[in-house]
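Throw the hints in and build the complete structure from the sequences for me.
Protein chains: 2
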Amino acid sequence: MTPSAKVDQQHSMEPRDHGQHDHGACVLSALERARTAFGDKGIKLTPLRQRVFEEIAGSHDALGAYEVLDRMARKSGERLAPISVYRAIDALLAAGVVHRIESKNAFFACHAPHQGQERHIALVCERCQTVIEVSGADIFAAMETASAACGFKLSLAVAEGSGLCPACATLPTIAQATGMVTQP
Amino acid sequence: MTPSAKVDQQHSMEPRDHGQHDHGACVLSALERARTAFGDKGIKLTPLRQRVFEEIAGSHDALGAYEVLDRMARKSGERLAPISVYRAIDALLAAGVVHRIESKNAFFACHAPHQGQERHIALVCERCQTVIEVSGADIFAAMETASAACGFKLSLAVAEGSGLCPACATLPTIAQATGMVTQP
DNA sequence: TACCGAATGATACATCATTGCATTAACGGG
DNA sequence: CCCGTTAATGCAATGATGTATCATTCGGTA
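Note that the protein sequences, when read in sequence, are chains D and B.
Here the working numbering is used: the first residue of the first sequence is 1, the next is one more, and so on.
Here the working numbering is used: the first residue of the second sequence is 1, the next is one more, and so on.
These are calculated hints, taken from the structure and not from any lab test.
It should be emphasised that the depicted structure is a prediction, and the values quoted were computed from it without experimental measurement.
Some hints could be false.
Since the list can't tell identical chains apart, any single copy or any two copies may satisfy a pair.
No more than 20 Å apart at the CA atoms, straight line, and that leaves these computed lysine to aspartate or glutamate pairs for EDC-like [claimed, not checked]:
no. : residue 1 : residue 2
1   : LYS44     : ASP90
2   : LYS153    : ASP138
3   : LYS153    : GLU133
4   : LYS104    : ASP90
5   : LYS153    : GLU126
6   : LYS41     : GLU102
7   : LYS153    : ASP90
8   : LYS41     : GLU118
9   : LYS75     : GLU54
10  : LYS104    : GLU133
11  : LYS44     : ASP138
So this is what it looks like as structure tokens:
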């Protein structure tokens, strides 16, 4: 991790990088974990799937399928059919290297592997869009308890949140401080 | 779905009826609560909003916006524009008399009011589609705890589940074993 | 009356996701 | 090596969900 990181500036649209973060290295390690996951599950990490994964992992955001499509088209000049991206995403979901955020119809890459069987929940920053995952064992246990208490046999649980990530939460609220909001 | 079928069991116009359940009365009381909720919040329960609410409340399912649209069109012969339904639903959401299920892009009516500030979670039956709500205080508390533990300032939490409702969970499973099509 | 704002209507478009079928790549057995 | 099977991809169309924009109506009210 060289502190003199050559920062990838090509994604001019993202307000990424509060805090410094070796993005290249982080994507590479994600890719390495993906290879392992695919290997373990006996699914093939094809070039297309890898490209899609890199696109998703290369943003810490949750990306919609069409956003992935757009970004890949911008890079390669060739626009895939939506179904191709969806199929690739299906494989990535099956391998467990990306997850879906139901409340956003979008997908994000695990950047920390889920060791063991522990369930996690996704937290989406409303300001910088970054997605982080936190352990959700207690949450899912509580959902199970609440369901069982009324006789409901829970088979699938969804839990996700949005708000401000640690970095954004501690930021001074510039707009308010400078009074620059034009309309109340 | 076969359009030829006279009886579209799942989405035909009414009676559901696991156990006995006075549907008319239940919709009326939902409507009464809706009136109160709209009054309390200073929002108007217009005829259109009421029609949409009746459609949603008249099913214990979660309905998609287009499903509401279809049902209303079948009844009145006039097909609204999608936006009209979405606007009505927005008002119903604002009044708190319907909720959205993120994982289904669908909406359902509260059939038991949320007394006090208590948060609830929706549980959707995979067999009969009925939605029930259960208290989710522990769940949301756990989400808050998990978020706070990593410095995330949670402002919106989504938790929902699917599985088998009490009625369906206790049904003999023979039907599944024999591959028979079953009805709620 | 004239005006204002909220609600609705109407058209179009944007976004999310799948179906069906044709084509190509990958791989193992003759 | 060829062939057959299966997985993966390409391609066109369509379904499903949701929004932007602008026009119109309607109820209150100054």
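Going down the list of hints, with the structure as the test:
no.: 1; hint: LYS44 with ASP90; in the structure: within (12 Å within a copy, 44 Å between copies)
no.: 2; hint: LYS153 with ASP138; in the structure: both (18 Å within a copy, 18 Å between copies)
no.: 3; hint: LYS153 with GLU133; in the structure: between (26 Å within a copy, 13 Å between copies)
no.: 4; hint: LYS104 with ASP90; in the structure: both (17 Å within a copy, 17 Å between copies)
no.: 5; hint: LYS153 with GLU126; in the structure: between (33 Å within a copy, 10 Å between copies)
no.: 6; hint: LYS41 with GLU102; in the structure: neither (24 Å within a copy, 29 Å between copies)
no.: 7; hint: LYS153 with ASP90; in the structure: neither (26 Å within a copy, 31 Å between copies)
no.: 8; hint: LYS41 with GLU118; in the structure: within (18 Å within a copy, 42 Å between copies)
no.: 9; hint: LYS75 with GLU54; in the structure: within (12 Å within a copy, 49 Å between copies)
no.: 10; hint: LYS104 with GLU133; in the structure: within (15 Å within a copy, 22 Å between copies)
no.: 11; hint: LYS44 with ASP138; in the structure: neither (34 Å within a copy, 41 Å between copies)
Violation of the numbered hints given earlier is confined to hints 6, 7 and 11; the remaining hints are satisfied by the structure.
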